[in-house]
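Visitor: Each chain, letter by letter, is given below.
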Amino acid sequence: MASIVAVIASTHHPFYYKASTATGEDRPPFADEWERKILAFRETLTRANPDVLVMVGSDHFHQLWLDNMPQFLVGKAPFYDANWYNEEREFGLPRMLLKGQEDLSAHILRNGLDEGFDLAFSNELRIDHSITCPIITLRPEADLPIVPIYTNIFAPPLPQPSRFVKLGETIRQIVEQWPSHLRVAIIGTGHLSLELGGPRQFGPHGPDPEFDRRAVEWIASGDLDNCLREVTLDSLHSPGNATHGFMDFMLMMGVAGAGAKADYVDTLDLFHTMEAYFTWYPTQGGVR
Amino acid sequence: MSKYLLDKFLYTVDRDPDLVERYRSSPRELVTWWEDDRANAVLNCHSGEASTWLRFTDDERQALIGHDHVRLFELGAHPFLTLTLFIAMFERDNTEPLEYQKAFGARLAHFDMPYPDIAT
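Those protein sequence lines, which keep their order, are chains Z and U. Numbering of the first sequence is given in the working numbering, commencing with residue 11 and proceeding in unit increments. Numbering of the second sequence is given in the working numbering, commencing with residue 358 and proceeding in unit increments.
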C-alpha cells in the first residue's frame with residue numbers, strides 16, 4: 011500500500027512569489043524573513059521524499075462558477091495547467107504546467123463515492139493559486155505528479171466544518187489503502203482570519219489576531235474537539251469575511267488525525283494576514 | 358435582487374482584459390452593452406442557448422455604472438469579485454503600495470457585523 015510520508019497545511023499568500031523574487035528597491039522589508047521561513051518549511055517536505063502530492067485547495071472563481079458549483083471536486087487528468095490571467099495581473103504569478111497522477115485520482119474518486127462523499131470530478135482543470143502557491147513554496151521544481159482536490163469555502167451555501175474534517179479523515183484512509191508503492195504527501199492550504207473586500211482588509215495584521223492565536227493552537231495540537239466546538243459556519247464570519255478558508259485547515263487536521271501534534275509549526279505575522287505553516291509525519295495506521 | 362447577476366458581471370468582466378479597460382474608461386457604455394449582450398449568456402453554452410430572464414434592478418445597474426463598490430457591498434455582491442476587479446481598474450493609480458486597497462476598506466468602515474448576505 012501507499013505510504014503517507016507527510017501531511018502539510020499552510021496558508022497560501024499569493025504575494026509570496028512576487029515578494030521573494032523582488033530585488034533592490036522593489037523588495038519589501040519583510041521578504042528576507044519570509045523567504046527564510048519558507049525555505050525551512052520547504053525542507054519539511056523535501057526530507058519526506060514524496061513521489062506524489064495530493065493538493066487540497068479552493069478555486070477562487072476561476073474555473074468553478076455559480077452556474078455549476080461543486081462542493082468537493084477531485085481533478086483526474088494527465089496534466090493541469092495553472093494560474094489565471096487575473097493572478098498574473100494582480101500577483102505576478104507565473105503560468106505553470108503540472109503532471110497529474112490519474113491512478114490516485116481514480117482511486118480517491120471511487121472510494122470517496124463509496125464512503126459517502128458525492129465527489130464531483132474534472133478531466134480538464136486549470137488550477138489556481140490555492141494549489142500553485144504551495145507548489146511554489148514547497149516544491150518549486152513542480153516536478154511531482156499531483157491530485158488536486160477543490161473545496162468550496164467561497165460560495166455559500168457551504169458544507170459544515172465537520173464535513174471538511176470528515177473528508178480529511180476519509181482522504182487519509184483512502185490514500186493509505188491505495189495499492190501502490192508510492193510515497194504520498196498530502197498538502198492543503200487555507201486561511202486563518204482573513205478579510206477580502208470588506209472594511210477590515212489590508213490592516214497591519216490579520217483582522218483577528220486572537221482567532222489566529224487560537225487557530226494555530228488547535229492545529230498545532232490537533233485539538234479537533236475544541237476547534238469543532240467553537241467553529242461554525244456562522245462563527246467564521248466574525249474573524250473576517252473570508253475566514254471560511256479556515257475549513258481547509260480543518261480538513262487537514264482531519265487528514266493528520268485527532269490529537270496529532272504537528273511536528274513542525276511556524277508562523278509569520280504579516281500585514282493583512284497571519285501566515286502559518288504545519289507539517290506532520292504520520293506513520294502507517296497511527297500518529298508518530 | 359439579482360446578486361447572482363451582479364456577481365456574473367464582476368466575474369466575466371474581471372477575466373477579460375479588454376472588458377476591464379472598457380469598464381474603467383466607459384462604465385455606462387460597458388454596463389449597458391453587457392446587460393444587453395452578455396447577461397443572459399450561459400457561460401458553458403454556445404450561442405443560441407442562452408437564458409432569457411436575467412436583468413439588473415435599477416439600483417444594481419446604477420451601482421455598477423457608478424463604480425460604487427460600497428453600494429455593491431451593501432447589495433450583497435461577492436466582495437472577492439468586487440475587490441479583484443476594482444484593484445485591476447484602480448490600483449494602477451496608487452502613489453504608494455496598497456493605497457487603493459486601504460482606501461477601498463476605509464470607504465466600507467461604516468459596515469458592522471453581520472455584513473450583507475452574499476449567498477446567491
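If you're looking for bench data, these hints aren't it; they were derived computationally from the structure. Do not rely on the hints blindly, as some may be mistaken.
[Unchecked claim] Straight-line distance between alpha carbons at most 20 Å, and here's what the computed DMTMM-like set of lysine to aspartate or glutamate pairs gives:
hint: 1; chain 1: Z; residue 1: 109; chain 2: Z; residue 2: 128
hint: 2; chain 1: Z; residue 1: 271; chain 2: Z; residue 2: 218
hint: 3; chain 1: Z; residue 1: 176; chain 2: Z; residue 2: 233
hint: 4; chain 1: Z; residue 1: 271; chain 2: Z; residue 2: 179
hint: 5; chain 1: Z; residue 1: 28; chain 2: Z; residue 2: 43
hint: 6; chain 1: Z; residue 1: 28; chain 2: U; residue 2: 456
hint: 7; chain 1: Z; residue 1: 47; chain 2: Z; residue 2: 233
hint: 8; chain 1: Z; residue 1: 176; chain 2: Z; residue 2: 186
hint: 9; chain 1: U; residue 1: 459; chain 2: Z; residue 2: 43
hint: 10; chain 1: U; residue 1: 360; chain 2: Z; residue 2: 77
hint: 11; chain 1: Z; residue 1: 28; chain 2: U; residue 2: 453
hint: 12; chain 1: Z; residue 1: 176; chain 2: Z; residue 2: 151
hint: 13; chain 1: Z; residue 1: 176; chain 2: Z; residue 2: 124
hint: 14; chain 1: Z; residue 1: 47; chain 2: Z; residue 2: 276
hint: 15; chain 1: Z; residue 1: 28; chain 2: Z; residue 2: 151
hint: 16; chain 1: Z; residue 1: 28; chain 2: Z; residue 2: 98
hint: 17; chain 1: U; residue 1: 459; chain 2: Z; residue 2: 186
hint: 18; chain 1: U; residue 1: 459; chain 2: Z; residue 2: 151
hint: 19; chain 1: Z; residue 1: 28; chain 2: U; residue 2: 448
hint: 20; chain 1: Z; residue 1: 47; chain 2: Z; residue 2: 61
hint: 21; chain 1: Z; residue 1: 109; chain 2: Z; residue 2: 153
Visitor: Any hints this thing doesn't respect? Which numbers, in order?
Guide: Structure breaks hints 1, 2, 7, 9, 12, 17, 18 and 20.
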